[in-house]
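**Q** We have chain A already, so just place chain B on it with the hints.
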Amino acid sequence: MVGRPLDESELIRRAQRGDTHAYEELVHAYQGIAFRTAYVIARNAGDAEEAAQDGFVKAWRALARFREGAPFRPWLLHIVANEARNRRRSAGRRANLVLRAATSEPSGDAAPSPEASVLSHEQHGALLAAIEKLPEDQRLVLALRYFLDLSEHEVAETLGVPQGTVKSRTARALERLRESYD
Amino acid sequence: MTELERALVTLGNELEYPQTPDLWPGVRERLGSDRRRVRPQLLAAAALVALAVAIAFAVTPARSAILRFFHLGAATVERVDTLPPAQQRSLVSGLGPALARPTVHVPGSLRVRSYYSRPGLAAALLRYRGKPVLYAVLDGDQMGIAKKFADSETRVEPVALGEFGLWLEGGRHVLQWGSGRVETRLAGNVLLWLRRGKTYRLEGDFLRSQMLDLARQITL
Chain A
1 MVGRPLDESE LIRRAQRGDT HAYEELVHAY QGIAFRTAYV IARNAGDAEE AAQDGFVKAW
61 RALARFREGA PFRPWLLHIV ANEARNRRRS AGRRANLVLR AATSEPSGDA APSPEASVLS
121 HEQHGALLAA IEKLPEDQRL VLALRYFLDL SEHEVAETLG VPQGTVKSRT ARALERLRES
181 YD
Chain B
183 MTELERALVT LGNELEYPQT PDLWPGVRER LGSDRRRVRP QLLAAAALVA LAVAIAFAVT
243 PARSAILRFF HLGAATVERV DTLPPAQQRS LVSGLGPALA RPTVHVPGSL RVRSYYSRPG
303 LAAALLRYRG KPVLYAVLDG DQMGIAKKFA DSETRVEPVA LGEFGLWLEG GRHVLQWGSG
363 RVETRLAGNV LLWLRRGKTY RLEGDFLRSQ MLDLARQITL
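Here the protein sequences come in this chain order: A and B.
Quick note on numbering: my numbering labels position 144 of the first sequence as 144, and the sequence is numbered without any gaps.
Whatever position you read off the second sequence (first residue = 1), add 182 for my numbering.
I should point out that these hints are in silico values taken from the structure, not numbers from a laboratory.
Virtual Cβ for every residue (Gly too), placed ideally from N, Cα, C.
Any given hint could turn out to be false.
[Claimed, not checked] Partner residues aside, some chain B positions facing chain A, computed with beta carbon under 8 Å: (1) Leu193; (2) Glu196; (3) Tyr199; (4) Gly208; (5) Arg210; (6) Arg212.
[Stated by the list, open to error] Computed spacing ranges between beta-carbons, pair by pair: (7) B:Asp395 - A:Pro135: 52 to 60 Å; (8) B:Met183 - A:Ser9: 28 to 36 Å; (9) A:Lys167 - B:Arg378: 55 to 63 Å; (10) B:Arg398 - A:Lys167: 45 to 53 Å; (11) B:Asp395 - A:Ala130: 51 to 59 Å; (12) B:Arg210 - A:Pro135: 34 to 42 Å; (13) B:Thr184 - A:Gln163: 14 to 22 Å.
[Unchecked claim] Reference listing, derived: stretches of chain A covered by chain B, where coverage requires no fewer than 3 residues with Cβ under 8 Å from a Cβ of chain B: (14) 37-50; (15) 53-59.
In isolation and in its complexed conformation, chain A is listed as follows:
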């Protein structure tokens, strides 16, 4: 049977009715961001995989409560983030500097993009080290907002805090980074 590609809301409606094929499409669409979100929280690939998988299973079971028309991604990431936090708490450890800067060299004659020219590779390392020294709540806000490109609203939903809290944590984090980085 050949059909048109289904939009997200239709996939969600189908999944709510028990259609696992529709849910498979949702899992494949969001497993990347779910895994990375879990990873920046849990700081361990194995824990992140378990957290993301458990998050998708719990999201499936909670689909009946998902409000039609609401954005799916932050709703899902909130569940995944809770799973990742639980694992991190239970593991009782925090890996040092798990986020690593890529080591790829600029290629041939390609001119560096304006973004790439903002900082050198060494400066990236220094900035990353400064981020690692931030309190956990501030570090997470920065990681979700700037590394994973979530909107302020999505960060708030994911962490289960008011949007104003995200704003204030971001401002404090940026201020501390400026102090330590400048």
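**A** This is chain B only, laid out in the frame that chain A set:
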């Protein structure tokens, strides 16, 4: 965005994450046990609603089978353990020769490819959204259609249409036109509804919302 924020975005693009694993196999395995637990409940709920409003309720003496078998106007829907033998056939298989004269009323906005007629049943093969759809109207409450499904993927849901409606979607179903010579074939997604003593049926490769739109065009 400040220079520091731009630097954070750039840094984010250059971070090295572990490769994202394919999470679906593990998720699917765990959903399988959920589905086996939930599906009978959903089917039972749909069946109970159907039973409450069905015009005629023809069950076998075995009351224990009540949730596996329900009746909607001239149609019966039955959940079976094993599907009877059936083949993929044309939507109009078993309906006899195509007729030029109209046998059912179809709004002028819809394109009719052919009409069909059998005792107690009139039908038209329509073209809708570029795909074929079979529209049938059955008289009375005697068995005119038997629908059997066994696939765990099949969904049976009540819909707000006419006096009562049902939507069947998902896995393979077997359809039998019940009057006269029995024809059996595999069937696609189906919308069934009752209105003013008649049983209406639409079958085709469409979403529930699309089929409901078509049904409302036909019966309004």
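**Q** Each hint needs a verdict: does it hold in this structure or not?
**A** Results of checking the hints against the structure:
1. At a threshold of 8 Å, the smallest CB-CB gap from Leu193 of chain B to chain A is about 5 Å, leaving the interface hint in force.
2. Hint status for Glu196 of chain B relative to chain A: holds, with the closest Cβ pair at about 5 Å, below 8 Å.
3. Using the Cβ-Cβ criterion of 8 Å, the hint placing Tyr199 of chain B at the interface with chain A is satisfied: the shortest such distance is roughly 6 Å.
4. The closest approach between the C-beta of Gly208 of chain B and any C-beta of chain A is roughly 5 Å, which is under the 8 Å cut-off, so the hint is satisfied.
5. Nearest Cβ of chain A to the Cβ of Arg210 of chain B: about 7 Å, under the 8 Å cut. The hint holds.
6. Hint on Arg212 of chain B holds. Least Cβ distance to chain A is approximately 5 Å, under the 8 Å limit.
7. The hinted range of 52 to 60 Å is satisfied by Asp395 of chain B and Pro135 of chain A, whose Cβ atoms lie roughly 54 Å apart.
8. Between Met183 of chain B and Ser9 of chain A the Cβ separation comes to about 31 Å, which falls inside the hinted range of 28 to 36 Å.
9. The hint said 55 to 63 Å for the Cβ distance between Lys167 of chain A and Arg378 of chain B, and at roughly 60 Å that hint holds.
10. Remark: the range hint 45 to 53 Å for Arg398 of chain B to Lys167 of chain A is upheld by a beta-carbon distance near 47 Å.
11. Between Asp395 of chain B and Ala130 of chain A the CB atoms are about 57 Å apart, so this pair conforms to the stated range of 51 to 59 Å.
12. Judged by the Cβ atoms, the range 34 to 42 Å given for Arg210 of chain B and Pro135 of chain A holds: they are separated by roughly 39 Å.
13. The beta-carbon spacing between Thr184 of chain B and Gln163 of chain A, approximately 20 Å, falls within the hinted interval of 14 to 22 Å.
14. Note: the stretch 37-50 of chain A has 4 residues with beta-carbon separation from chain B under 8 Å; the three-residue rule is met and the coverage holds.
15. For the stretch 53-59 of chain A, the proposed coverage by chain B is satisfied: 3 residues have a C-beta within less than 8 Å of a C-beta in that chain, meeting the threshold of three.
Checked against the numbered hints given earlier, this structure breaks none of them.
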